[in-house]
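Undergrad: Sequence:
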Amino acid sequence: MDELKSVNQQLRKKVYELQNLVEISFQLNSMLDEQQIMHNYSRNVFGMLGSRSLVILSSTSPYAKTFVPVYFRGLEKAQAKTLGIRKSEPLVRGFKRKPETRQVRGLDTAEVADDYLKALKRAGISVIAPIAHRQALLGLVLLGKKHNAGRYSRGERELFSLLTNLFAVAFANARLYGQMERMSLTDPLTGLFNRRYFENYLHSEVARAKRFNHPISLVMLDVDHFKHFNDQLGHTNGDQLLKELADLLTRTVRCSDVVARYGGEEFCVILPEISTEGAVSFSERLRHAVYQHPFDKREVQPEGHVTISLGAATFPSDAQVTNELVEKADFALYRAKNRGRNQVAVYSNDARLNLPLQIQGR
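Residues in the sequence shown are numbered from 339 upward in steps of one, following the working numbering.
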């Protein structure tokens, strides 16, 4: 009788776990935000297994060579950071070959470096599960010891594997969605934001500038004699020039500025909380940086250098709405081109600022 009661209890527990897994699967697959998915997963792991801590290791980019902590719970940040691991390590390669949950106490120095094994033990990591989906290893989940200090039973490790498999599917879907979302907002050639993102972001920044009563400037620029460069060297070299220019732009701006490819050889830079004078100073600095940069094959250009022309406009002094700000900056760019290229022009009622700036080295 006691045996039958025990079997019934185990069955009820299994049914309860299966019901939970179905609900968890539904929850995870209804989410597309990585952080939300990781939080939901860790909450369920903690609730069902009574764990003290958990660390999720994954890549921050497709080209990253290391799995780093992208989520952790129950550990200090400094300790979590010690658990990152290179993808080339035998332990990671082993999980890629055979994606099965492992106990840390079953690992040996042939498959894991001694320093890393010590780091795992210092952090109280007990079990490691691979985040595997469609033959790809997306990362690892490091599970800390139980609150009651006991070891995880075989059934608990199997449950952890099932939870992690559900998580892996949702995590992979969120990653794919994020990549597609980024692709829809970025220019494939340069990696900069595209015109769609630029227009949406500028609209929100102008609204914010209105709300907090501060200026925002827009600088539009394009490559002088770009058609000549393409005609002389072909589109492959032209594309390379644009990519190099995009890299130079991102290294020149502040972290709060936004650089986008507007179309063709035309780029734009949104400068939050920057006045007309600040926009002129920035444009001058950028123009000079481009002029001095050793672009490959720059000698084919009429001046023997790659040069840019820039136009700037500022909210609220020059424009009150987003479309008007773009039109005024574009008009200023047209004037800079029309007055000889390789210079800055601003759209302003101030006659002094309205003049294009002639740059040394032109």
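Simulated from the structure, these hints should not be mistaken for lab results.
Source: prediction; values computed, not measured.
Note that beta-carbon positions come from the ideal geometry of N, C-alpha and C, so glycine has one too.
Possibly wrong hints are sitting among the right ones.
Claimed, not checked - Label-pair ranges, simulated between beta-carbon atoms: (1) ARG549 to GLN473: 31 to 39 Å; (2) LYS565 to SER542: 17 to 25 Å; (3) PRO526 to GLN373: 49 to 57 Å; (4) GLN373 to PHE669: 37 to 45 Å; (5) LYS436 to ARG534: 40 to 48 Å; (6) LEU527 to VAL638: 19 to 27 Å; (7) GLY678 to ALA545: 12 to 20 Å; (8) LEU445 to SER522: 17 to 25 Å.
Undergrad: Hints first: check each against the structure and report whether it holds.
TA: Here is how each hint holds up against the structure:
Taken as a hint, the range 31 to 39 Å is violated for the pair ARG549 and GLN473, whose Cβ atoms sit roughly 50 Å apart. Between LYS565 and SER542 the C-beta distance comes to about 34 Å, which lies outside the given range of 17 to 25 Å. For the pair PRO526 and GLN373, the beta carbons lie near 26 Å from each other, so the given range of 49 to 57 Å is not met. A C-beta distance of roughly 43 Å is found between GLN373 and PHE669, which places it inside the suggested range of 37 to 45 Å.
As the Cβ distance of LYS436 to ARG534 is approximately 44 Å, the hint placing it in 40 to 48 Å holds. Hint check: LEU527 to VAL638, Cβ distance near 20 Å, so the stated range 19 to 27 Å holds. Taking the beta carbon of each, GLY678 and ALA545 are about 36 Å apart, not inside 12 to 20 Å as hinted. At about 42 Å, the beta-carbon gap between LEU445 and SER522 misses the expected band of 17 to 25 Å.
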